[in-house]
Structure formats: C-alpha cells, structure tokens
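Take the given structure of chain B and dock chain L to it, following the hints.
Protein sequences, first through last, are from chains B and L.
In terms of my numbering, the first sequence is numbered consecutively and its last residue is 184.
In terms of my numbering, the second sequence is numbered consecutively and its last residue is 1169.
Derived from the structure by calculation, the hints contain no laboratory data.
Owing to the predicted nature of the structure, the values given are computational and were not obtained by experimental measurement.
There could be a bad hint or two in this list.
[Claimed, not checked] Only part of the chain L face toward chain B is listed, based on derived beta-carbon distances under 7 Å:
hint : residue
1    : 1012
2    : 1013
3    : 1055
4    : 1096
5    : 1146
6    : 1148
[Unchecked claim] List time: in silico BS3-like cross-link candidates among lysine-lysine, alpha-carbon distance up to 27 Å:
hint : chain 1 : residue 1 : chain 2 : residue 2
7    : B       : 79        : L       : 1034
8    : L       : 1121      : L       : 1156
9    : B       : 79        : L       : 1108
Think of the CB as a built atom: it goes at the ideal place given N, C-alpha and C, for glycine as much as any other residue.
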Amino acid sequence: MDFVKSQWDGFVGEFKSMNARQLIGQGVNLGLVVTSALIIWKSLMLITGSESPVVVVLSGSMEPGFQRGDILFLNMGSKPARTGEIVVFNIDGRDIPIVHRVIKVHERAAENHLDILTKGDNNYGDDRLLYARGQEWLHMKHIMGRAVGFLPYMGMVTIVMNDYPMLKYGLIGVLALLVITSKE
Amino acid sequence: MHTAWTRANTVLTFFATVLSVLCVVVTVTDVFHKSDPPISVELKEVKRLVTHRGRQDQAALSMRLDADLRPAFSWNTKQLFVFVQADYATPENAINQVVLWDKIIENKADAHLKIRALRQKYAFIDQGRNLRGLPLNLTVAWNVMPKVGRLFTRSKTFAVGTLPEEYTA
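Bound conformation, chain B alone (with noise of 0.2 Å):
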C-alpha cells in the first residue's frame, strides 16, 4: 500500500511540478499513442481487406488447432472461398463473429455466386444450426475474412479484460498517467 501511495504522491507531485504549457504538451502526447493505435488498425484494415484483422478465439469449437485465447491474422483477399479455408463469417442476428472451417464450395458457373457451408473442426456436425432461420448456405458477403496467421495465448488478454471490465479501465488509468507524467 505505500508502495501505491508513494507512486500516487509521485504522480500527484509530477503533475504540480508542470506549467500549461508542459501540460498541454503531454495531453499532446497521450493523445499521438492513441491516434497511431488507431492509424495501425486502420491501414490493417485497408491492407487485408477485412474489417477486423486481428480476432481473438473466443470458443473451443476448432480445438485442438485454436484455442480460447489464441490470436488468427486474417485477410480477406479477393479470391473466392475454397475449402479447408479457415474463415471468420457473421450470422444476421448474432454479434459475436464464427472461425470455423469451409467444407463445403458450391461455385455457380453463370453469376459471381458462392455457396459455401462451414464446420468446426471440434464439432460434430456442420453449421447449418448455427445459421439463421432457414439458411443453407453462407455467401461472400457474410465472410470478414479468412485466417492467415496464428498466435497463441495473446489473446488471453483480452479475455480476461473483458470478464473483468474494472481491470481494463485500472490498466488503462494507469498507462495514460505513465504517458502523461513521463518525461521525455
């Protein structure tokens, strides 16, 4: 606890020390780590080509290759699906995003037309329950991307922040009074 309050007293002290313009100088600061945060997910975006190229597995449906917690880099690309693909599709009416595995392609040869089924590699069935209503079969538009790059465990992270919402808000308390009060 005195460690934290020394800390505290510190920052406390540090903030006292600066003169506006200091001030404004760090505000400055925080704000460029934030806005190149942004600016890298954003050029991911328009490289891959997907809406969110770094996805974090949230179920154990593709056990044992991914994991809860694992990373996927994913990359849209402009080729149509193949199967053996692993690809990360929205449902209409759910909000959280599948990785699962194509296993079924069915390319009409007239119009630029795919239907394409998927399947869990740790499920046993395919996916027709999982989708909408009615629906057979998933098309390109509801793909965000397909699977290129694999890191394990980084994810957990995440996870865990989002199980515990206090923990993410301390954390990021806590870094943007270290970028404020640096000296640099």
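Just chain L now, with coordinates in the frame of chain B:
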C-alpha cells in the same frame, strides 16, 4: 522516482521485441521447409447413387487412401488437418468442392495414413441431379496449422474415373 517504472517498461518492451522477432523467424523457417509427400487415393466402390429429396443427387463412396504426410511436418507444425474431397464441375456450377472425410493429425508418428476402405464422414450431395456418369476428381489436401505463424494448405488431385450412369436401386 520513476526509475522503477522506466526499468520495468524497458525490460517488458525488450522482452516483447525479442519474442516477436523470434516468432517471425520461426515462421520464416517454414517457408524453406519444402515437402512432397507420396499420396494416392482411389475410388474403390460406389455404394449408393440416389436422388435425395427427388431434387438432388447423393452418392456414397468407398475410397482407398495411402498418404504419407510425415514429410509435411516441420518443427513449427502443431497439427495437420487432412481432408479428402470430391472435385467436379456441373452445368450449373463451375466449381464444386465437397469434403467427404477429414482427420486431425497431431503427431508426426501418426501421419502415415493407410486406409483400405475409407468411409465418408460427410454426405456427398450435389446441388442438382448431375452425379450420374460424372467424371470425378478426388483431392487430398492438408492444412498446416503452425505453433506460431502462417497457415497454409497443400493438395494433390487425382482423376478417379466416372460415377455410374444409372441410379443404384
């Protein structure tokens, strides 16, 4: 005052940098891992060829598979997702891909598949009534799922003959 924070920050940043560089290096080694696994798949028997709901053709196949996928494993391979699919074209559809069977292989030692009567795990149903007398290709594909880094799929396709001209009783 801030030295403790600064030090912790420096150590963490350095750790994260080293870790990410290592991940990238490991992924790059997979690019140089070339393999050409010996694979053969044959159509052994067409057990059933019927119309499903009177609108769609359905077939039940028995296949023979011999695939030695041990060379496909590298030190960064977590598992292979192996599947056998039917590949064919119909008047309506330029491309039809129907996965008939799949398997997850987690160990290199288990990667030599020799299955004399491979039975379908998933239904082989066409979107129309086009399976009679159809020239069929079977593709064996393996999706390489890494411990870290790039996911990719390799495949080999075999022309395995045509399906029967008539429905089975």
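Discussion item. For the restraint on residue 1146/L, tell me whether the closest CB of chain B is nearer than 7 Å.
Written reply: holds, 6 Å
Worksheet item: Was the hint right that residue 1096/L lines chain B, CB cutoff 7 Å?
Response: holds, 5 Å
Worksheet item: Does residue 1055/L pass the interface hint, meaning its C-beta sits closer than 7 Å to a C-beta of chain B?
Response: violated, 13 Å
Discussion item. Next pair to validate is residue 1121/L with residue 1156/L; report whether the Cα-Cα distance is within 27 Å.
Written reply: Roughly 20 Å separates the two Cα atoms, so the pair holds.
Worksheet item: Does residue 1108/L lie within 27 Å of residue 79/B when you go C-alpha to C-alpha?
Response: violated, 32 Å
Worksheet item: Is the hint on residue 1013/L kept, meaning its closest Cβ partner in chain B is under 7 Å away?
Response: Nearest chain B Cβ about 13 Å off; hint violated.
Item to complete: For the hint on residue 1148/L, just tell me whether its beta-carbon gets within less than 7 Å of chain B.
Response: holds, 6 Å
Practice prompt. Verify the proposed pairing of residue 79/B with residue 1034/L, using a straight-line Cα cut of 27 Å.
Written response: holds, 25 Å
Item to complete: Classify the hint on residue 1012/L as holds or violated, based on whether any CB of chain B lies nearer than 7 Å to its CB.
Response: violated, 12 Å
Hints 1, 2, 3, 9, counting from the list given before, are not met by this structure.
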